[in-house]
Amino acid sequence: MFIYKSTTHLDDLGNGVTRRILAHGGTMMAVEVTFEQDAVGPLHHHPHEQLTYVLSGRFAFTIDGVTKEVSAGDTLYKAPNIVHGCVCLEAGVLLDTFTPQREDFLAAP
Numbered sequence: 001m002f003i004y005k006s007t008t009h010l011d012d013l014g015n016g017v018t019r020r021i022l023a024h025g026g027t028m029m030a031v032e033v034t035f036e037q038d039a040v041g042p043l044h045h046h047p048h049e050q051l052t053y054v055l056s057g058r059f060a061f062t063i064d065g066v067t068k069e070v071s072a073g074d075t076l077y078k079a080p081n082i083v084h085g086c087v088c089l090e091a092g093v094l095l096d097t098f099t100p101q102r103e104d105f106l107a108a109p
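So in this note's numbering, spot 21 of the sequence shown is number 21, and the numbers just go up one at a time.
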């Protein structure tokens, strides 16, 4: 399967955050999330495993109560149901991979 960015939809999540579903199928999903400086990814949890690769920018990520700064080239793992979130310190882009797929993202208008 080939997915071209020009054929994907950009979702404006508000408050300086946008999301683009890049590819999904089977039990996997790749999502690009763009943050303006000072935008917040609120603390939350979900039943999916999640890998986050920092493509650009600088973020303060909190995972299970521990906060660390990350930047381009760093990767984070979030186990199912672990509380996590971030604050964008320098505008950037994240690549999130989920398993299973985020059906809630697919159902969003």
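Worth flagging that the hints you see were computed from the coordinates, not collected in a lab. Since this is a predicted model, take the numbers as computed values, not measurements. The beta carbon of each residue, even a glycine, is placed where N, CA and C say it ideally should be. Don't take every hint at face value.
Unchecked claim - Computed Cβ-Cβ distance ranges for the label pairs, DEER-style:
1) G65 x L10: 18 to 24 Å
2) G25 x L55: 35 to 41 Å
3) D104 x T7: 31 to 37 Å
4) G25 x L89: 19 to 25 Å
5) T8 x T75: 30 to 36 Å
6) T62 x M1: 29 to 35 Å
7) L10 x Q37: 17 to 23 Å
8) T27 x K68: 17 to 23 Å
9) S71 x T7: 16 to 22 Å
10) V93 x H45: 19 to 25 Å
11) M1 x D38: 34 to 40 Å
12) G65 x G26: 28 to 34 Å
13) T75 x D38: 19 to 25 Å
Going down the list of hints, with the structure as the test:
| no. | hint | verdict |
| --- | --- | --- |
| 1 | G65 x L10: 18 to 24 Å | violated (32 Å) |
| 2 | G25 x L55: 35 to 41 Å | violated (22 Å) |
| 3 | D104 x T7: 31 to 37 Å | violated (22 Å) |
| 4 | G25 x L89: 19 to 25 Å | violated (34 Å) |
| 5 | T8 x T75: 30 to 36 Å | violated (23 Å) |
| 6 | T62 x M1: 29 to 35 Å | holds (34 Å) |
| 7 | L10 x Q37: 17 to 23 Å | holds (19 Å) |
| 8 | T27 x K68: 17 to 23 Å | violated (28 Å) |
| 9 | S71 x T7: 16 to 22 Å | violated (30 Å) |
| 10 | V93 x H45: 19 to 25 Å | holds (23 Å) |
| 11 | M1 x D38: 34 to 40 Å | holds (36 Å) |
| 12 | G65 x G26: 28 to 34 Å | holds (32 Å) |
| 13 | T75 x D38: 19 to 25 Å | holds (23 Å) |
The structure does not agree with the numbered hints 1, 2, 3, 4, 5, 8, 9 stated previously, though it agrees with the rest.
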